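J.: Listed below are the residues making up each chain.
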Amino acid sequence: DAKTTQPPSMDCAEGRAANLPCNHSTISGNEYVYWYRQIHSQGPQYIIHGLKNNETNEMASLIITEDRKSSTLILPHATLRDTAVYYCIVRPPGTGANSKLTFGKGITLSVRP
Amino acid sequence: EAQVTQNPRYLITVTGKKLTVTCSQNMNHEYMSWYRQDPGLGLRQIYYSMNVEVTDKGDVPEGYKVSRKEKRNFPLILESPSPNQTSLYFCASSHPGDTQYFGPGTRLTVL
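Heads up: the sequence lines are chains A and B, in that order. One point on numbering: in the working numbering, the residue at position 87 of the first sequence is 135, and numbering is uninterrupted. One point on numbering: in the working numbering, the residue at position 101 of the second sequence is 114, and numbering is uninterrupted.
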């Protein structure tokens with residue numbers, strides 16, 4: 049599985065956009081980029097995923113560079129409830145053993161009032 | 014509401030006393046999986062199941078058993094728990110190759 053690299057932590061002010069970077073320089077052409085978050089030992093929560101194109105949903109936007117070696121998760125208007133550990137995961141397509149999610153250390157986002 | 018449930022949420026037990034952690038999902042997902050989370054080690058997969066009666070080992074299966082007799086349920090069994098199995102456990106489910114949804118977690122302490 050391709051590995052991902054994330055800074056250990058970052059903070060942002062409430063109401064501002066939070067831009068969370070992720071490097072995945074060894075990603076293969078058919079591997080997806082997934083983002084999950086975990087709020088204080090709760091179950092990981094799915095946020096968004098993408099392959100090549102930028103994606104947006106009600107929670108966030110995902111920007112993937114053209115060479116696919118890095119991506120950025122954008123929370124457009126961060127709130128205190130967005131304080132969590134955010135995991136960037138690269139996952140191959142398919143099922144079986146390929147369904148396993150390999151979580152790294154993630155990035156701890158702290159949203160300050 | 015679509016969800017993955019786990020029971021119990023918290024459990025303190027003693028070494029060698031068999032226990033079962035239940036996992037149930039109401040989304041008709043074929044794929045189910047168990048992870049454990051430990052400080053500094055992240056989430057690691059214990060076992061997974063592609064469908065009823067189809068299970069396979071993940072990265073850290075030693076000391077655990079699973080069964081998949083019904084599509085919605087995927088219990089995790091510790092036949093003889095040991096202190097090194099003290100951890101936070103998560104169950105997840107999905108359609109094959111699709112987004113996985115996680116349960117709320119079970120915090121297990123083995124004394």
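Rather than coming from a laboratory, the hints here were simulated on the basis of the structure. Keep in mind the model is a prediction, meaning the values are calculated, not measured. Ideal placement from N, C-alpha and C gives every residue a C-beta, glycine not left out. Hints may be right or wrong, so weigh each one.
[Stated by the list, open to error] With a Cα cut of at most 30 Å, we get these calculated BS3-like pairs of lysine-lysine:
| no. | chain 1 | residue 1 | chain 2 | residue 2 |
| --- | --- | --- | --- | --- |
| 1 | B | K30 | A | K51 |
| 2 | B | K70 | A | K153 |
| 3 | A | K100 | A | K117 |
| 4 | B | K30 | B | K82 |
| 5 | A | K51 | B | K78 |
| 6 | A | K153 | B | K78 |
| 7 | A | K100 | A | K153 |
[Stated by the list, open to error] Computed far set for chain B versus chain A, every beta-carbon distance over 12 Å:
| no. | residue |
| --- | --- |
| 8 | P21 |
| 9 | E43 |
| 10 | Q50 |
| 11 | K70 |
| 12 | K82 |
| 13 | Q98 |
[As the list claims (entries may be wrong)] With the Cβ distance kept under 10 Å, some of the chain A side facing chain B (calculated, not the full set):
| no. | residue |
| --- | --- |
| 14 | P56 |
| 15 | C60 |
| 16 | A65 |
| 17 | Y82 |
| 18 | Y94 |
| 19 | H97 |
| 20 | K100 |
| 21 | G142 |
| 22 | T143 |
| 23 | T150 |
| 24 | G152 |
| 25 | T156 |
J.: Look at each hint and say if it fits the structure.
T.: Results of checking the hints against the structure:
no. : hint            : in the structure
1   : B/K30 x A/K51   : violated, 38 Å
2   : B/K70 x A/K153  : holds, 23 Å
3   : A/K100 x A/K117 : holds, 10 Å
4   : B/K30 x B/K82   : holds, 23 Å
5   : A/K51 x B/K78   : holds, 29 Å
6   : A/K153 x B/K78  : holds, 27 Å
7   : A/K100 x A/K153 : holds, 24 Å
8   : P21             : holds, 15 Å
9   : E43             : violated, 9 Å
10  : Q50             : violated, 8 Å
11  : K70             : violated, 10 Å
12  : K82             : holds, 20 Å
13  : Q98             : holds, 17 Å
14  : P56             : violated, 12 Å
15  : C60             : violated, 24 Å
16  : A65             : violated, 24 Å
17  : Y82             : holds, 8 Å
18  : Y94             : holds, 5 Å
19  : H97             : holds, 7 Å
20  : K100            : violated, 17 Å
21  : G142            : holds, 6 Å
22  : T143            : holds, 4 Å
23  : T150            : holds, 8 Å
24  : G152            : holds, 6 Å
25  : T156            : violated, 13 Å
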